[in-house]
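Trainee: Chains A and B, in that order, are what the protein sequence lines are. Sequential numbering from 1169 applies to the first sequence in this note's numbering. Sequential numbering from 1169 applies to the second sequence in this note's numbering.
One thing to keep in mind: the hints can contain errors.
For chains that are exact copies, the list does not tell them apart, and a pair is met inside one copy or across any two.
Calculated pairs, BS3-like style, for lysine-lysine (alpha carbon to alpha carbon, straight line, at most 30 angstroms) [to be verified]:
1) 1226 with 1364
2) 1402 with 1450
3) 1364 with 1309
4) 1170 with 1220
5) 1236 with 1189
6) 1220 with 1251
No wet-lab data here; the hints were simulated from the structure.
Here is what each chain is made of, one letter per residue.
There are 2 protein chains.
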Amino acid sequence: MKQVIIIGYGPAGISAAIYLKRAGVEPLVIGKDFGALEGYSDLIENYYGFSKPIEGKKLIQEGIDQAKRLGIEIIQDAVISLKIDDIGFLVVTSKHRYHAKSVLLSTGKTRTTLNIPGFNKFRGKGISMCATCDGYFYRKKKLAIVGCGAYMLHELEYLNRISQDVTIFTHGNQLNADIEQKIISDPIVSFKGNEKVTHIETTQGMYEVDGVFIALGVPSSVDFASQLGVIVEKNNLVVDEDYQTNVEGLFAAGDIIGGKLQIAKAVYDGMEAADSIYQYLKNK
Amino acid sequence: MKQVIIIGYGPAGISAAIYLKRAGVEPLVIGKDFGALEGYSDLIENYYGFSKPIEGKKLIQEGIDQAKRLGIEIIQDAVISLKIDDIGFLVVTSKHRYHAKSVLLSTGKTRTTLNIPGFNKFRGKGISMCATCDGYFYRKKKLAIVGCGAYMLHELEYLNRISQDVTIFTHGNQLNADIEQKIISDPIVSFKGNEKVTHIETTQGMYEVDGVFIALGVPSSVDFASQLGVIVEKNNLVVDEDYQTNVEGLFAAGDIIGGKLQIAKAVYDGMEAADSIYQYLKNK
Chain A
1169 MKQVIIIGYG PAGISAAIYL KRAGVEPLVI GKDFGALEGY SDLIENYYGF SKPIEGKKLI
1229 QEGIDQAKRL GIEIIQDAVI SLKIDDIGFL VVTSKHRYHA KSVLLSTGKT RTTLNIPGFN
1289 KFRGKGISMC ATCDGYFYRK KKLAIVGCGA YMLHELEYLN RISQDVTIFT HGNQLNADIE
1349 QKIISDPIVS FKGNEKVTHI ETTQGMYEVD GVFIALGVPS SVDFASQLGV IVEKNNLVVD
1409 EDYQTNVEGL FAAGDIIGGK LQIAKAVYDG MEAADSIYQY LKNK
Chain B
1169 MKQVIIIGYG PAGISAAIYL KRAGVEPLVI GKDFGALEGY SDLIENYYGF SKPIEGKKLI
1229 QEGIDQAKRL GIEIIQDAVI SLKIDDIGFL VVTSKHRYHA KSVLLSTGKT RTTLNIPGFN
1289 KFRGKGISMC ATCDGYFYRK KKLAIVGCGA YMLHELEYLN RISQDVTIFT HGNQLNADIE
1349 QKIISDPIVS FKGNEKVTHI ETTQGMYEVD GVFIALGVPS SVDFASQLGV IVEKNNLVVD
1409 EDYQTNVEGL FAAGDIIGGK LQIAKAVYDG MEAADSIYQY LKNK
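Use the sequences and the hints to build the structure in full.
Mentor: Now the structure itself:
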């Protein structure tokens, strides 16, 4: 049982980890990629303290190394789902399962999106980003899951209980699982429909669907948070002045809570959230 | 006429300068020393982005170099007074005078103090840190100014109008001015009195006084701000959510406004204050 699991090892997550460690709490930090700064082609010039501009990727690595040097446990893994069970928060990654008394979401704002015609049009109209959130509305319907890895399997596990008619669309990706469902591996070229999505068109054919669940890559923090009933406004997680969401013990910091998408703000958020998490654990 | 003068080149001041420059405003930054981080003997480990601990002094220098590289004007000079005249804010340094439409105070919290018996006891009881603030109460009284440089001269100029009986105590320092007042150069050993201060005791003698004005070194931001009538609570400048003091156009950020005395907070403050100053100048 961890005291706190921090999901995301960018500026907000690492800043929080450093302050928590200093306060005597041992955080576990789980990160998977370098978020918004990963492909940041410009050099960073506006974050205080660097006489020479620094690459986004380099800054993230500096932060990770800084935390490791202070003895903070950091693992590189993709979080597949976040749940609450009898023990506490259950964080499921592609490799492990962890329990924690509290969780900080600080993954930044990278959002799963699909550059396929019809995706934006039918998102929320038959296309869902979250089986746990929307699966209920598709009982015994003809369902599709777009995905190929652990995230897809997670969504499949849930949707299997809802419907016997689930097809997996790998969208040209290699399937990393042994499953009994029907599998379409051709790339998807468009989502078709009228008011709602009715068909998936691939390079090889046209498939009828009632609901499509996107599970490519890994879910975003907004996806996790939605699963737990966190209030989301304009794609930002809503937090109170203590950086706590409406779910007790679930905190969020950095770009994911909105405001200025700046490193200085993420670092500040992390520091403040650490303080709140410390108080939360102390009072618990 | 400058758009904005930033007093202090620590994390808050430089962060503000960088964001203002980015927004198309040309700030002038005036700093005199390295503030709270100057003599910071420990290495800084909790400010995000540095895999190896960094010395306070080195971080300040990095920040100054960062700003200079971005073309920001920075001068090293001591600010002696801050006033408002017909033109705008008047910033007087030991070498020059500058006018500005707005001012950001970000000097940190180093506070003039005196390690002399009786100083704390009689502070506010005959011992004042600000001639402009308290001089009025000492009309035609026997006054002492403790100081030796430009700051002392600034206070003397004001107190000369109040009283003809002003003595300068250099407290063992060399006098850097040619003045007609009586000068006592022996080190002060104590301030004496009952309810209020009544005497200054030096290594050589005892001198009767009604009021003592401390003008050693350079005034702190709290001193400037007091001169302008800024609300101060618990030695913090009070600002609104836009980092503006109760004096229009006068902003403050960093340690001087209280809260966590952390670099992450100062940097964040600077960024946010820059935004407010930009809006202020735009609407003016």
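Trainee: Each hint: holds or not?
Mentor: Taking the hints in turn, this is what the structure says about them:
| no. | hint | result |
| --- | --- | --- |
| 1 | 1226 with 1364 | neither (44 angstroms within a copy, 60 angstroms between copies) |
| 2 | 1402 with 1450 | between (32 angstroms within a copy, 28 angstroms between copies) |
| 3 | 1364 with 1309 | within (14 angstroms within a copy, 87 angstroms between copies) |
| 4 | 1170 with 1220 | between (38 angstroms within a copy, 27 angstroms between copies) |
| 5 | 1236 with 1189 | within (11 angstroms within a copy, 35 angstroms between copies) |
| 6 | 1220 with 1251 | neither (42 angstroms within a copy, 36 angstroms between copies) |
The structure fails to meet hints 1 and 6 from the earlier list, while all remaining hints are met.
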